[in-house]
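Protein chains: 2
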Amino acid sequence: MYSLHELIAMSERELAQLPYPARPAGLYEPIRYALGAGGKRIRPALVLMACNLFQEAVTAAKPAALAVEVFHNFTLLHDDIMDNADTRRGKPSVHKKWNDNTAILSGDAMLIYAYRLLAGCDEKSLPRLLTVFNEVAVGVCEGQQYDMDFEKRTDVSVAEYLRMIELKTAVLLAGALKLGAICGGGSDMATDLLYKYGISIGLAFQLQDDLLDTYADSDEFGKPVGGDILEGKKTFLLTNALARADEPARRSLLELLSDRTIVPAEKIARVRAIYDRLGIRELTEKAVAAYFADANLALDALEVAPDRLKPLRELTAELQGRRK
Amino acid sequence: MYSLHELIAMSERELAQLPYPARPAGLYEPIRYALGAGGKRIRPALVLMACNLFQEAVTAAKPAALAVEVFHNFTLLHDDIMDNADTRRGKPSVHKKWNDNTAILSGDAMLIYAYRLLAGCDEKSLPRLLTVFNEVAVGVCEGQQYDMDFEKRTDVSVAEYLRMIELKTAVLLAGALKLGAICGGGSDMATDLLYKYGISIGLAFQLQDDLLDTYADSDEFGKPVGGDILEGKKTFLLTNALARADEPARRSLLELLSDRTIVPAEKIARVRAIYDRLGIRELTEKAVAAYFADANLALDALEVAPDRLKPLRELTAELQGRRK
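Keeping their order, the protein sequence lines are chains A and B. Heads up: the first sequence at position 264 corresponds to 264 in our numbering, and the numbers run straight through without jumps. Heads up: the second sequence at position 60 corresponds to 60 in our numbering, and the numbers run straight through without jumps.
Some clues are possibly wrong.
[What the hints assert, rightly or not] Which stretches of chain A does chain B cover? Using the computed rule of at least three CB atoms under 8 Å from a CB of chain B, they are:
| id | stretch |
| --- | --- |
| 1 | 101-112 |
| 2 | 115-128 |
| 3 | 136-145 |
[To be verified] Pairs of lysine-lysine, DSBU-like flavour, derived with a Cα cap of 35 Å:
| id | chain 1 | residue 1 | chain 2 | residue 2 |
| --- | --- | --- | --- | --- |
| 4 | A | Lys-124 | B | Lys-196 |
| 5 | A | Lys-233 | B | Lys-196 |
| 6 | B | Lys-152 | B | Lys-196 |
[Unchecked claim] What follows is a set of in silico ranges between Cβ atoms, one per label pair, in the way DEER data are often shown:
| id | chain 1 | residue 1 | chain 2 | residue 2 | range |
| --- | --- | --- | --- | --- | --- |
| 7 | A | Asp-155 | B | Gly-36 | 27 to 35 Å |
| 8 | A | Lys-91 | B | Gln-17 | 43 to 51 Å |
| 9 | B | Asn-84 | A | Arg-277 | 45 to 53 Å |
| 10 | A | Ala-243 | B | Arg-23 | 17 to 25 Å |
| 11 | B | Arg-23 | A | Ala-85 | 20 to 28 Å |
What the hints contain is simulated information worked out from the structure, not anything from laboratory work. All C-beta atoms, glycine included, are put in the ideal place defined by N, C-alpha and C.
Given these sequences and hints, build the entire structure.
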């Protein structure tokens, strides 16, 4: 059995060994750059971890693990164009280093490359793997669309927000586990429980992100706190605040967020004060804890020897303890 | 057995019946718009035609036929952004009607949708179909990359140009036939011959395009003649002219093409005069005829009853006779 960090290291090694055609360089250089730029490699590790629950060797899951990580990086290439993000993991994003057309086309090739990698899985499992992969991929696109739609709306409900982050973030983590479990020969029940676990840690992770962006210790966090507030981003915090506030408070919160004359630090402090008054921090902390509890319950229900669950428990604990 | 036009009509009907989720509308509306905007539906008809060589029913090939057409339309969405094309089939292109982000994300969802459709094929054939589809899809991206690369180069050889159009155009036609043959249970030899037929008609088709763009009767052609010359596009005509010309003629042709002070009609006439002097028109007409002859040779070698080849012969003849 492999530890979480062994599987992350294995993912990194396998990714580094992926072959690329030399030409056309304009298509493959950006792919190599994007996949070599680091990242936590949580998703391929999840694929391998799920497989490792049912098999000592994880070889059978390697193609799916790589497919998931290449797919994830494809979404980053295209999202960075759509979100106009200039940097990614401390380096220029592909559309900044090259241009939009390069990021579009190399992204397309990465999506196709992900399917090529997936096609390297065992033929018997392939139809099922392909179905899961397709569902996940469509879900991620739908999530990105909702995320963009929400930018233009002020009436996003908490339920809508949760559905969006489920699609945009959680479904890929859950799908990674499901693919790994299928490769490892897990039962349908086990596969479904792992999917549920993935959804729960995905939601918990995103809610933590929302929380940290507003409440983190800025030294520990590594980037300025309050970015979501300044962008007026519909987060778990904001959608809950808008839901809890009475009509006058709701209106003044929306006005405050759209006010471009207030200095950033003051805007952040004032929004945070409203959140504090409404108990948004505690509410979110409780929601995060509840999702992590759900995640552990899904693991409890798995019919595998408890010691085999160590890497997944370890991951849950690491995520739960993060401060950045 | 179905005729070419029956299979085109069937493709149109099947496409019109494709279900789309209602939400998020921002993702699915552009897909419905793009797929409903017409098009010749040659590619899905090729899938069905190839299947129909080996089976009376074409049901087994319908998912692959739809996958190919959805994939083709995905490439149009993204190519229209990259090429800054404002219209498509007489209507605003998706990135003009909506915006770039919409065309990127809806395009991505279409590519995934193509894979979902493909996954509806018979499970036994799926691994092979997926491999063919992946190869084709990567090839099309590589072709688009070369096409964009060529815009910045003046030293594109005829061989490079042919390789580019093989990837960008011919490989999808060939792949469509190969997928259909696999669905229909054709032998490996038959499948390969159909692939070759597809490459040949694809190359012939693109060379005809190049020829018509410079030499068509503008009334019959339906759009202004000479667009490629004004854009300085690397076509079969231009790459051959540059290869045939001596160094001074080569240099003056390149200067003429990049000269922005000459009025369009004169530029077109002068380039055409150079082409005429170099015998480029006849050369291209011969190449087109040779590719169509290759196409028919591939069909001749197929071990199926000659009458079953009627739709493919009909297609070849229709393509060969086109004036627009």
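Practice prompt. Find the hints from earlier in the document that the structure breaks and name them by number, from lowest to highest.
Written response: 5
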